[in-house]
Amino acid sequence: MALYEEIGGAAAVDAAVDIFYRKVLKDARINRFFTDVDMARQAAKQKAFLTLAFGGPAHYSGLDMRKGHAKLVSQGLDDSHFDAVMEHLGATLKELKVPDHLIAQAAAIAESTRNDVLGK
Amino acid sequence: MRGPRLTFEGRQFERGELSLLDCLLGQGVAVPSACRAGVCQSCLMRVVGGEVPERARQGLSATQLARRLFLACQCYPTDDVEVARPDSALESHAADVVAVRALSDDIRELRLRPRGPYAYHAGQFLQLRGGTPALQDAPRNYSLASVPGLDADLLLHVARVPGGRVSGWVFDAARPGDAVVVSESRGNCFHVPGSPARDLLLIGTGSGLAPLQAIARDALRQGHAGRVALFHGSRLARGLYLGDELAALGAAHGNFHFQPCVSDEPATAPIFAGTPLDAALQAHPDLGGWTVYLCGNPAMVESARLAVFLAGAGSAAIHADPFLPTASTTT
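Residue numbers (our numbering), protein chains in the order written: chain A, 1 to 120; chain B, 121 to 451.
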């Protein structure tokens, strides 16, 4: 079964997005990168990110990722910040009692965007 | 046999195998879009004739559904439909001024009577857009302070804007019998019945009280059983209004609480000294399971949106209209 279905599909994204986004906003290491646009749009972006990490239908290309984060990279976005986001992704899924082997799969998908997000 | 036909702004298209979004884009109609996966909601449109399939409505909020919005990228209609941009082609309605009443030194209640049927939800807003020379070419958005089924007329709270043409007309010139034109109602910030046990938190400043007290009265009228907590803030005490009416509402409904707040001068109980956001979070530090409505000063709305989310309110349960009334200029 595909990861997206196994993890719970759109309902899982809905359950995860607020938990994840709250962790990000409360993290002083990274929250400055998440407050420049209004919250409703940010929440939609987090939802798109989680959909992607869960193996769902998110049509973002590597180029979209690069363009979308270029401004943040110029403001200092680096590996340490990406690591922090990965931490929150894992903690969110643990909180939702997602089995470890699925968390590992989601983390691997998210990890695969690292170079594009960081403009490497 | 012809396929389902799509009507948009008077033009008709055959959808073929495409999504409604791709069909319109293919015909040169500019529709915003981004994720094409039903997630980002960039491509929201409104159905004005026929029905769109369930799939095109997945993930939308109750208020969006009540406005008949849908996701164009997820829409593969099987029957003829007519669609519009979410805010396009706003209808005009003729109405007459019935009364102008002072709510405070700086706020007037404008009572309008539409000449025909006028449908709206408590908490929505309309555009006051002409009918009398003072209003020509000066469209202004105002929240509706009235509740359908409870108030016979449309009520607007108009704050005095220094040098403002439309507010100047309301304060100094409007008389019963004056003709005006209003748009149909708009906005996603309204109460949808169906969760009568949920707690409702309403936070507003200035004339942002208008839609919030309407939402509160609407919920109570429909037998809302959860708590309904309304926090209204003003920088100065003289900017507070409707205090007696809302205190009476609290006396009639044990689950309704009204808290006026003053932030920029000393205040004593029962008025809270501070912002309505501070008062709300002090009274209700854990907002998990609450539905929140925000209206007023744009900076207050943005900081409140973040604060109530961090206090546990779900992002889909926080409602604030992008339209913010003239509250930012009131005291």
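Fair warning: there could be bad hints in the mix.
What the hints assert, rightly or not - Which residues of chain B face chain A? A few of them, derived with a C-beta cut under 8 Å, are:
1. R425
2. A427
3. F429
In short, the hints are calculated from the structure, not lab data. Where is the CB? At the ideal position from N, CA and C, for every residue including glycine.
Taking the hints in turn, this is what the structure says about them:
1. R425: Since the shortest Cβ distance to chain A is 5 Å, the answer is holds.
2. A427: violated (10 Å)
3. F429: Check passed: Cβ of F429/B comes within 7 Å of chain A, closer than 8 Å.
Going through the hint list in order, the structure does not satisfy hint 2, though it satisfies all others.
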